[in-house]
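Student: Make a model of the complete structure from these sequences and hints.
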Amino acid sequence: MSVTPRTLRRPLAMVWLPVVLFVVWWVGSAGSTSLYFPPLSEILSTVWSGMRDGDMAAALGASLLNFLVGLVIATIAGSALGILIGENDRLHSALMPLLNFVRTIPPVAFVPIVILALGVGSISKILLIAFGCFWPVLLNTITGIKDINPTVREVVRAYRTPHRLRLTRVMLPAALPQISAGLRNAVALGIIMMIVSEMYGSVTGIGHYILQSSQNFEVTKTWAGTLVIGVLGYLLTLLSMGLERLCLGWYFQRPPGRLRLNRRVRQRSKENR
Amino acid sequence: MATIRLSRGSARKGSALLPSANRLAQFGCVLAALACWQLVSISGLLSADLLPDVPSVAGSFVDMLTTTDFWQAMRHTVLDALRGLVAAICVGIPAGILCGLSAVTDRATRVLVDVGRSFPPIALIPVFLLMWGATGTTKWVIVFISCVFLVLVQAQYGARRIEPMIEETARSYRIPRLLYFRKVVLPSSTPSIMTGVRLATTTSILVAVGVEVLAGISGLGEELALAQQYNESALAYAYLLAAGLLGYIVNEIAEAAERRLLKWRSAASGN
Chain A
47 MSVTPRTLRR PLAMVWLPVV LFVVWWVGSA GSTSLYFPPL SEILSTVWSG MRDGDMAAAL
107 GASLLNFLVG LVIATIAGSA LGILIGENDR LHSALMPLLN FVRTIPPVAF VPIVILALGV
167 GSISKILLIA FGCFWPVLLN TITGIKDINP TVREVVRAYR TPHRLRLTRV MLPAALPQIS
227 AGLRNAVALG IIMMIVSEMY GSVTGIGHYI LQSSQNFEVT KTWAGTLVIG VLGYLLTLLS
287 MGLERLCLGW YFQRPPGRLR LNRRVRQRSK ENR
Chain B
175 MATIRLSRGS ARKGSALLPS ANRLAQFGCV LAALACWQLV SISGLLSADL LPDVPSVAGS
235 FVDMLTTTDF WQAMRHTVLD ALRGLVAAIC VGIPAGILCG LSAVTDRATR VLVDVGRSFP
295 PIALIPVFLL MWGATGTTKW VIVFISCVFL VLVQAQYGAR RIEPMIEETA RSYRIPRLLY
355 FRKVVLPSST PSIMTGVRLA TTTSILVAVG VEVLAGISGL GEELALAQQY NESALAYAYL
415 LAAGLLGYIV NEIAEAAERR LLKWRSAASG N
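These protein sequences, in sequence, are chains A and B. Everything in the first sequence is counted per this note's numbering, starting at 47 for the first residue and increasing by one. Everything in the second sequence is counted per this note's numbering, starting at 175 for the first residue and increasing by one.
Bear in mind the hints are in silico, worked out from the structure with no lab data behind them. Some clues are possibly wrong.
Unchecked claim - Pair by pair, the computed Cβ-Cβ distance ranges are: (1) Leu58/A with Ile427/B: 26 to 32 Å; (2) Gln246/B with Arg136/A: 50 to 56 Å; (3) Leu289/A with Arg249/B: 19 to 25 Å; (4) Asp223/B with Pro57/A: 49 to 55 Å; (5) Ile122/A with Val214/B: 17 to 23 Å; (6) Lys192/A with Leu205/B: 23 to 29 Å; (7) Asp99/A with Val278/B: 56 to 62 Å; (8) Gly167/A with Glu341/B: 43 to 49 Å; (9) Ile427/B with Ala103/A: 50 to 56 Å; (10) Asp223/B with Arg136/A: 45 to 51 Å; (11) Val278/B with Glu200/A: 19 to 25 Å; (12) Pro57/A with Glu341/B: 22 to 28 Å.
Every value quoted in this text rests on a predicted model; they were computed, and no experiment measured them. We put the CB at the ideal spot given by N, CA and C, even for glycine.
Tutor: Set out below in structure tokens:
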């Protein structure tokens, strides 16, 4: 019995402010007759019925499928190319200015071009999401590979570690923290690309749902869709952070710092000789 | 083995010592990319709407620079992005430091900050369009929301990451709060804050262009979307290049500012 208050204190300290704000929103908007700010209770019931009846759930499903396919393509392409560029010094120094320029083009600017050329179907959405997610993954992989301590490289070379072993046991693990940081940025950018592309031109998807309802002045639905996107973004971030903890437990268990990481990598490469 | 390694080492040194060769390679890469682009567009693999050929884009770009439409659009994009960015910095830095300084505020705001950070503000466009219409207000408020959490989170990290030893030393000497804030909190969180400001700067342009594309609010994004709608994809690509150049320049400025403001840091760590 005496343990309960202690274990509860931490979550309580994290939860009280959001709960207070939620209550304030709920009470403050309860009697609202304003067109733009419907009561929170109505918004939530719209979310509930939309999820149950399926129009919102179907839109959300279509969006998520495109998002996942785009993200997977971007992750594979980005990390493969990133390892290639990060490993090759000459390629790196020759390509970086070009990459740095292309990266600064706002990816959303491609939305009208791609959608008007390829149509409103899934392919243009997947292409746009993959394009948006590709850059953070690529650039972070390059940095991750570049930042590997030269000593580690020397050791690996001195032991004549085979290429495949070097890639899977040294390079990838060492660059993984950086790659997963890139992946988290990619998730955030991917959601933006998903919504922008659906709002620009689409027949389905959660972005389309929001736009459509606002054009019909169904503001409650607009708020409901916006709320769902917020929750979705948060859940995806939590999910990617959880995956990161799961895959990189060995990294987070140690105090931050490159030295520790490299010692670990060095141990691994020794084990593998 | 030894000889191979020697030659490799010297080759690496050679490329570092000869900046002109490096420049040549970089230039070659840009040319190669342009050549690939041209080849793909000539081959007809992708339609001309999706990828117009290089000369027509270059021509459109030069023509575009002489139009007032372009400079007006540029002004709108830059000013609104700047307005949202400045507001985000003014709100985000104090709020972030406040949240990061004490464990109570840190925990209480954690969920809110995480939600806010992962929320895509672009989704608010329809709501804001209903409230304010297709105006600059809609644009800069969305830029503000997108940027404020970036700055806030970095400021929070910075304030949280004060070395315990320094904190304890300050406490045992009973350093006054204001002095502690000015001499310890601010300097030790500046690097992190500057990272946030740099990220927010590039984000502000990205979001501004995105809002323009979607909502038809005057700016580079709107011109781009209009050009593509009128089947002038060469002009659309010209605007795309302009948006990229703007992003590049803004990024360079932000990086230079970061380096300049943090000069003391490298000097201190060098000692």
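Student: A separate judgement is required for each hint: does it hold in the structure or not?
Tutor: Verification of the hints:
Against the hinted window of 26 to 32 Å, the Cβ-Cβ separation of Leu58/A and Ile427/B comes to about 45 Å, which falls outside the hint. For the pair Gln246/B and Arg136/A, the supplied restraint of 50 to 56 Å is violated, since their beta-carbon distance comes to about 44 Å. At roughly 44 Å, the beta carbons of Leu289/A and Arg249/B sit outside the given window of 19 to 25 Å. Separated by about 54 Å at the C-beta atoms, Asp223/B and Pro57/A satisfy the suggested range of 49 to 55 Å.
The hint said 17 to 23 Å for the Cβ distance between Ile122/A and Val214/B, and at roughly 22 Å that hint holds. Our hint of 23 to 29 Å for Lys192/A and Leu205/B holds, since their Cβ atoms are close to 25 Å apart. As the Cβ distance of Asp99/A to Val278/B is approximately 43 Å, the hint placing it in 56 to 62 Å is violated. As the Cβ distance of Gly167/A to Glu341/B is approximately 57 Å, the hint placing it in 43 to 49 Å is violated.
Between Ile427/B and Ala103/A the beta carbons are some 45 Å apart, a value that contradicts the proposed interval 50 to 56 Å. Hint check: Asp223/B to Arg136/A, Cβ distance near 37 Å, so the stated range 45 to 51 Å is violated. In this structure the hint that Val278/B and Glu200/A lie 19 to 25 Å apart at CB is violated, the actual value being about 49 Å. In this structure, Pro57/A and Glu341/B meet the distance hint of 22 to 28 Å, their C-beta atoms being roughly 26 Å apart.
Checked against the numbered hints listed earlier, the structure breaks hints 1, 2, 3, 7, 8, 9, 10 and 11; every other hint is satisfied.
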